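There are 4 protein chains.
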Amino acid sequence: MKERLAAFAEERDWQQFHTPKNLAMALAGEVGELIAEFQWLTPEQSTTVMSDPEAGGRVRAEIGDVMIYLTRLADVLGIDPVEAALTKLEDSARRYPIDQVRGSAAKR
Amino acid sequence: MKERLAAFAEERDWQQFHTPKNLAMALAGEVGELIAEFQWLTPEQSTTVMSDPEAGGRVRAEIGDVMIYLTRLADVLGIDPVEAALTKLEDSARRYPIDQVRGSAAKR
Amino acid sequence: MKERLAAFAEERDWQQFHTPKNLAMALAGEVGELIAEFQWLTPEQSTTVMSDPEAGGRVRAEIGDVMIYLTRLADVLGIDPVEAALTKLEDSARRYPIDQVRGSAAKR
Amino acid sequence: MKERLAAFAEERDWQQFHTPKNLAMALAGEVGELIAEFQWLTPEQSTTVMSDPEAGGRVRAEIGDVMIYLTRLADVLGIDPVEAALTKLEDSARRYPIDQVRGSAAKR
Chain P
1 MKERLAAFAE ERDWQQFHTP KNLAMALAGE VGELIAEFQW LTPEQSTTVM
51 SDPEAGGRVR AEIGDVMIYL TRLADVLGID PVEAALTKLE DSARRYPIDQ
101 VRGSAAKR
Chain R
1 MKERLAAFAE ERDWQQFHTP KNLAMALAGE VGELIAEFQW LTPEQSTTVM
51 SDPEAGGRVR AEIGDVMIYL TRLADVLGID PVEAALTKLE DSARRYPIDQ
101 VRGSAAKR
Chain G
1 MKERLAAFAE ERDWQQFHTP KNLAMALAGE VGELIAEFQW LTPEQSTTVM
51 SDPEAGGRVR AEIGDVMIYL TRLADVLGID PVEAALTKLE DSARRYPIDQ
101 VRGSAAKR
Chain A
1 MKERLAAFAE ERDWQQFHTP KNLAMALAGE VGELIAEFQW LTPEQSTTVM
51 SDPEAGGRVR AEIGDVMIYL TRLADVLGID PVEAALTKLE DSARRYPIDQ
101 VRGSAAKR
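Listed in order, the protein sequences are those of chains P, R, G and A. For what it's worth, my numbering labels the leading residue of the first sequence as 1, then goes sequentially. For what it's worth, my numbering labels the leading residue of the second sequence as 1, then goes sequentially. For what it's worth, my numbering labels the leading residue of the third sequence as 1, then goes sequentially. For what it's worth, my numbering labels the leading residue of the fourth sequence as 1, then goes sequentially.
Check before you lean on any hint, since a few could be wrong.
Which copy is meant is left open, because identical chains are indistinguishable; a pair holds if it fits in one copy or across any two.
[As the list claims (entries may be wrong)] Taking lysine-lysine pairs in the DSSO-like style, the calculated list, with each CA pair at most 30 Å apart, reads:
1. Lys88 x Lys2
2. Lys107 x Lys88
3. Lys107 x Lys2
Keep in mind the hints are simulated off the structure, nothing from the lab. It should be emphasised that the depicted structure is a prediction, and the values quoted were computed from it without experimental measurement.
Throw the hints in and build the complete structure from the sequences for me.
Structure representation (structure tokens):
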């Protein structure tokens, strides 16, 4: 997907706009649209949002947009997002040991 | 990674907190931290942020966090984020034909 | 407050950083910190967050930060934020007539 | 404005949706729309956005929306946003003494 996104930008001469600063903004803009889909739903209602074809379609499209800009941003920064996520997950595993944090949402 | 994140949450009894609504908020919170790394940089400075070990390390960690919550959110919604991104990319290819939009950032 | 914020920036020679683009990013970063305070709370728990001195103090500080950057952004754009809000409120009053939308969160 | 927003919500029986959690999400959604207006502009272009009637009108409307949800969120939390901002500004004045930080965007 990284290559397809890079080609998409290059064909349109859009690399000039794809600085990390601008892509971080585009990512934030898309996350804003995604969060708007959930703002008036209860947590319970949010778990069944995909069973509504219209709202579900919008949520799927927004997830796609967020994924596009996250992938593109990571690419122009030279970061592998999966590797970065796994490193963070290992950090979190150390910071939140299972036997100490079960069932608690408190931040450390 | 999807499975590792799900196991991570299950071991800590955190699925109760992982509603789509809450995960969308967590995603937005992490994107806020990511964007803060770029806010005072010029677009040019943002392109070399990874050459600064400290700022670069923070950006990598934030990309990891965003990837974690995006993957987790897509998982609880039953969405494949790569597939959703590719669908959106095809939409965009139709909406932004190469010969009509070259070099222009105008929205359609 | 607008004048105090402008003086604060001028004394520190920070106007150079205070472009609308950068201030919009700073605003988004602060809103990210604010939303993180609520991400794992139920809607009910969120209504009593101010009764916890620690969390309440953080929320108050984040509201302050958001207000600072919103005021500063509006100022450099030459917009009166209260006037802009009242104009939008009148639009919303027309789009959401009381007798048609009572109790419904549906978007129009 | 606080009272007008509260009346607007009450007339429509919308207080049920206006928990701090939901309002923080609505605020983040509006900030996402605002930031999208600036994402492909250079910092220099962003300083003249208001001279374009269309883009300028959208920016003004988004500033209004952000102000609405910030005011409403602060109100349901019992926070005076101007007071919260002034307290934060005093903190910042102490943390960023004029003679030490002139012209530098480094965080403390």
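Going through the hints against the structure:
Taking the shortest alpha-carbon separations for Lys88 and Lys2, both the intra-copy value of 21 Å and the inter-copy value of 14 Å come in at or below 30 Å. In this assembly of identical chains, the alpha carbons of Lys107 and Lys88 lie at most 30 Å apart whether taken from the same copy (15 Å) or from different copies (23 Å). Taking the shortest alpha-carbon separations for Lys107 and Lys2, only the inter-copy value of 22 Å comes in at or below 30 Å, while the best intra-copy value is 33 Å.
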